[in-house]
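Can you make the complete structure from the sequences, with help from the hints?
So the sequence lines, in the order shown, correspond to chains A and B. In this text, residue positions in the first sequence follow the numbering used here: the first is 427, and each later residue adds one. In this text, residue positions in the second sequence follow the numbering used here: the first is 419, and each later residue adds one.
Certain hints may be false.
What the hints assert, rightly or not - For lysine-lysine, the following DSS-like pairs were computed, each having C-alpha atoms within a straight-line distance of at most 25 angstroms:
1) B/Lys-857 - A/Lys-654
2) B/Lys-562 - B/Lys-466
3) B/Lys-763 - A/Lys-654
4) B/Lys-562 - A/Lys-643
5) B/Lys-466 - A/Lys-773
6) B/Lys-559 - A/Lys-654
7) B/Lys-763 - A/Lys-643
8) A/Lys-773 - B/Lys-763
9) B/Lys-684 - A/Lys-654
10) A/Lys-654 - B/Lys-775
11) B/Lys-713 - A/Lys-654
12) A/Lys-773 - B/Lys-770
13) A/Lys-773 - B/Lys-684
14) B/Lys-713 - B/Lys-562
15) B/Lys-778 - A/Lys-773
16) A/Lys-654 - B/Lys-770
17) B/Lys-794 - A/Lys-643
18) B/Lys-857 - B/Lys-794
19) B/Lys-684 - B/Lys-562
20) B/Lys-718 - B/Lys-559
To be verified - Derived, one-sided and incomplete: chain B residues facing chain A with beta-carbon distance under 7 angstroms:
21) Tyr-623
22) Val-624
23) Gly-667
24) Tyr-766
25) Gly-834
26) Ser-837
27) Glu-844
No lab work stands behind these hints: they were computed from the structure. For each residue, glycine too, the CB sits at the ideal point set by N, CA and C.
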Amino acid sequence: MKKILFLITTVIFFAVSCSSGDDNETGASTDTFNRQALLENIADNIAIPAYQNLANDIEVLKTAASTFVATPNESNLQSIRTAWLNSYVSWQSVSVFEIGKAEELSFRNFMNVFPVSASEIEANITSGTYDLNAVSKDNEQGFGALDYLLNGLSDSNTEIIAFYVSNTNADAYKKYLTDVVDRMNDLTTQVLTDWTSGYRDTFVSSNGSSATSSLDKLVNDYVFHYEKHLRAGKIGIPAGVFSGSVLEDRVEAFYKGDVSKTLFNANLTAMQDLFNGKHFGKNTSGESFKTYLDFLNTIKEGEDLSTLINNQFESARSTGTGLSDDFSAQVRTNNSLMTQTYDELQKNVVLLKVDMVQAMSVRITFIDADGD
Amino acid sequence: MNFNLSQYFKKNTETAPLAVFRIFFGIMMLLSIVRFWSYGWIETLYIKPKFFFSYYGFEWIRPLGIYTYLIFIICAISALMVALGFKYRISIIIFFLSFTYIELMDKTTYLNHYYFISVLSFLMIFLPANAYYALDARKRKSFKYIPVWTIDSVKLLLGIVYFYAGLAKLNSDWLVKAMPLKIWLPSNYDLPVLGDLMQQEWVHYVFSYTGAIYDLTIPFLLLFRKTRNFAFIMVVVFHVLTRILFPIGMFPYIMIISTLIFFDSKVHYKILAIISKVFKINQTQFDTNRILTFKPKKDKILIGIITVLFTIQLLLPFRYLLYPGELFWTEEGYRFSWRVMLMEKAGYANFKIVDSKTGKRFYVDNNDFLTAFQEKQMATQPDFILQYAHYLKKHFENRGHQNVQVFVESYVALNGRLSSQYIDPETDLGKQKETFKHKTWIIPFKDEIKGL
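This is the structure in structure tokens:
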């Protein structure tokens, strides 16, 4: 009897200790897929270089902003606009990484919520008292706010410049522009510094299979970003897929107008490159979701899922080539091409969210409950 | 052996195993509820969601807002009272009712384990589990012997759970393809020692076959004295392993403790002796040598109830035979059948609201109505999809939408097969009624799974 009791207690302790020691086991995998190499590739060759690239562009944006604020003229306006667009395109490569510091700061929301509220921005400028750190202020800053401040104040460049020169509130406009850029710079630096000064190792070494491990989180973030921000945010919502009628003012970079397609394509490419483990800014690639799926498929001998996913990325891209540079114009004139692009994007949601997630046995959106 | 049924029902046995079972059962239930509460699951599963998936016929059972906690408190107290054997009959009835109420509030959280607890606690209402070593049995009201069928009925229920779980594994996905273990096991790559093994195909097959053989044989191995010790070690190893590999909660421990009832009374007297020592209880006060016998009329009623209960238990898992199509795909007759850890199913359901007059349409964002857990469960089960569709129809009609039709574009992947369309996208789900009949708008399974 005592033996039995002893046995029960031992195994229960064993079970409890095994199941709670989850994340930091660095099980040396030899003949199996090296998930740590996947995380290293994503951290070292994709996420960190992409963040560095964004940080550089935002640095240029900051300089352009101070030049423009010092001398608001046509040529300085053009150069800050260029700097804005460059960093906006660079942003598309990092926005999926809502993990670590970025998640803690709500980086994505503070950088790129759209549509922004022009009236709230104006109210901030008029009152001069605002706290951009407040969560409720996420639609009054970031790329969208700059879009309004640089492209949306008026239809003519001369009149836009006049806001920073002759307007009674010219100094307040200058200050708001500077504050918005400074905050973007500050947030980006914080996230990048965190990656380079420790988070990279945390990210890479959390190579377990629990719901809080890096791979699980990354897959969840990836699917979430694809579904919410790429498919819905950039295409579905303006095309009226969720509302029944088109919403032309819900496009990304609404005031600039003719860059929404550039931003969409940049993000689509970044998502596909991340899937394939393609190194940022290079033509080489490493371990990735694709290679992991291929590995799992050698066990499972199922359909070639990674090829199906890549093909679907390509067909979304090719359907999207016919779209106007300006998605507002597109939904007004020929929304059906927009909804066709949406449909192609949608097909990959199924492959990513159902098939990929099942193959990897990742628990989608961390559900905290018992199973059967 | 000359087995005579009426003779059998007259046979007696010692009460101790049932008393130990009652004590451990009560304690395990109490711990389960404390654990459930401490993880904040009452809040996330029963208070936060806006919408709950109810069982057909039990739509009136819903969470009670903040008072839901009260049900859990009642359930916990009654579990403790069961463990103590204090006012046992009323306690176990309250436990059964409160626990079952909780399980019926939202079928999203359905687990075979919870169903097992409901059935078991229902059975226990009719068992004299407070006849010995219970507060109720103090003051010379103790019975050292009870009818043997009372203890055997618990064994039978446990045996059914295992055996039927084993039968369910006799299908081509499990045995020929080693699915879904081929998907589940590799994801445990980070386990010390076992991690690398989990990547090996032969390990997946070994696990599949041992799992099936274990489930089918363990009730018999526990039944015979010679194999009992070995069987119990197998029970412990098997359940601990499942605990390590899968997020399975308290169930492994409950099963380990429950199977103790197969041991003869010597073991149980020793367990009671240890408890007596720890809590300074005078165990001899219960040793009355009295035999509990039911009055003939009561005996007849009890045996009648038990017979009906077990007839239902034996037949219910086979109700799926009344439906056409693949059971794993349609899930018509899947629940309440001890199909435990049997398949890997993932899905995606995108609902479209259409105005039938104007043709105007839009898609629903499921996050507006469902939790991630609910959405996941909904996407792979037709009865969930239908109930949600009805809810959406009502919701948008209340919002002033006209001529509302509800369509769904849904895809499901089963046991590693590529996802394929699940529900007929042309069917207006708003018009479909929930019944026990086959749902004709489920697109038939493209593949074939052979076996039970």
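Status of the hints after comparison with the structure:
no. : hint                  : result
1   : B/Lys-857 - A/Lys-654 : 32 angstroms, violated
2   : B/Lys-562 - B/Lys-466 : 49 angstroms, violated
3   : B/Lys-763 - A/Lys-654 : 23 angstroms, holds
4   : B/Lys-562 - A/Lys-643 : 57 angstroms, violated
5   : B/Lys-466 - A/Lys-773 : 31 angstroms, violated
6   : B/Lys-559 - A/Lys-654 : 66 angstroms, violated
7   : B/Lys-763 - A/Lys-643 : 20 angstroms, holds
8   : A/Lys-773 - B/Lys-763 : 18 angstroms, holds
9   : B/Lys-684 - A/Lys-654 : 62 angstroms, violated
10  : A/Lys-654 - B/Lys-775 : 30 angstroms, violated
11  : B/Lys-713 - A/Lys-654 : 67 angstroms, violated
12  : A/Lys-773 - B/Lys-770 : 15 angstroms, holds
13  : A/Lys-773 - B/Lys-684 : 63 angstroms, violated
14  : B/Lys-713 - B/Lys-562 : 18 angstroms, holds
15  : B/Lys-778 - A/Lys-773 : 22 angstroms, holds
16  : A/Lys-654 - B/Lys-770 : 17 angstroms, holds
17  : B/Lys-794 - A/Lys-643 : 17 angstroms, holds
18  : B/Lys-857 - B/Lys-794 : 20 angstroms, holds
19  : B/Lys-684 - B/Lys-562 : 13 angstroms, holds
20  : B/Lys-718 - B/Lys-559 : 23 angstroms, holds
21  : Tyr-623               : 12 angstroms, violated
22  : Val-624               : 15 angstroms, violated
23  : Gly-667               : 3 angstroms, holds
24  : Tyr-766               : 5 angstroms, holds
25  : Gly-834               : 5 angstroms, holds
26  : Ser-837               : 5 angstroms, holds
27  : Glu-844               : 16 angstroms, violated
Comparing the model with each earlier hint shows violations of hints 1, 2, 4, 5, 6, 9, 10, 11, 13, 21, 22 and 27; every other hint is respected.
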